[in-house]
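Once you've looked at the hints, dock chain E against the given chain D.
If you want the building blocks of each chain, they are given just below.
Number of protein chains: 2
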Amino acid sequence: MEERQAVKSHKLVINNRKTSMLTGVLDVLAFDLNEILLETEQGMLMVKGTDMHVNRLNLEKGEVDLSGNIDSVAYSEIHSVGKRSEGFLNKLFR
Amino acid sequence: MEERQAVKSHKLVINNRKTSMLTGVLDVLAFDLNEILLETEQGMLMVKGTDMHVNRLNLEKGEVDLSGNIDSVAYSEIHSVGKRSEGFLNKLFR
Chain D
111 MEERQAVKSH KLVINNRKTS MLTGVLDVLA FDLNEILLET EQGMLMVKGT DMHVNRLNLE
171 KGEVDLSGNI DSVAYSEIHS VGKRSEGFLN KLFR
Chain E
111 MEERQAVKSH KLVINNRKTS MLTGVLDVLA FDLNEILLET EQGMLMVKGT DMHVNRLNLE
171 KGEVDLSGNI DSVAYSEIHS VGKRSEGFLN KLFR
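Sequences listed follow chains D and E, in order.
Residue numbers for the first sequence follow this note's numbering, beginning at 111 and rising by one.
Residue numbers for the second sequence follow this note's numbering, beginning at 111 and rising by one.
Mixed in with the good hints there might be a few duds.
Computed list of lysine-lysine pairs in BS3-like fashion (alpha-carbon distance at most 30 Å, straight line) [stated by the list, open to error]: (1) D:Lys121 / E:Lys121; (2) D:Lys121 / E:Lys118; (3) D:Lys121 / D:Lys158; (4) E:Lys171 / E:Lys128; (5) E:Lys121 / D:Lys118; (6) D:Lys128 / E:Lys118.
Since the hints were derived computationally from the structure, they do not count as laboratory data.
The shape of chain D in the complex, shown without the other chains:
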């Protein structure tokens, strides 16, 4: 656990709104064609768009590759969702 905490690096790259590469991803909490919710080293991250796909997912390395039509990405400070995930999501991102 301690080695894990030492590397708190998170990077987000978006190319031409079409592809995205992320590092420092702890978990993928939910995804569908329009929304992808990730837990990162820097908080929760919601990616919104259309026709979105998770092309590569390697949580051991903390890496995720997405593609689709990306409209927005938004961070929130909360680091863990807990049990009330649906109400939580609605409160946070609507």
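For chain E alone, kept in the frame of chain D given last:
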């Protein structure tokens, strides 16, 4: 104009929510500590956060470097603001 259109590449990188590098930037339309509005090759881009600064701006190369506490980035399809900029901003991003 034709050479310009050929290179429609736009890239956005965010490191640890603190720094951001952008390419394919056509113009910086507005910025203050909390919001930076850019025109990119892929549409308008609104960056929101706190304590934000434009550290480097080279429109000849289309490059912009930002720093601050980045909360979100959101694209819109509209490519030019025109004259009704204030009403336009409110409609788009609120």
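| task | Tell me, in ascending order, the numbers of any earlier hints that this structure violates. | result | none
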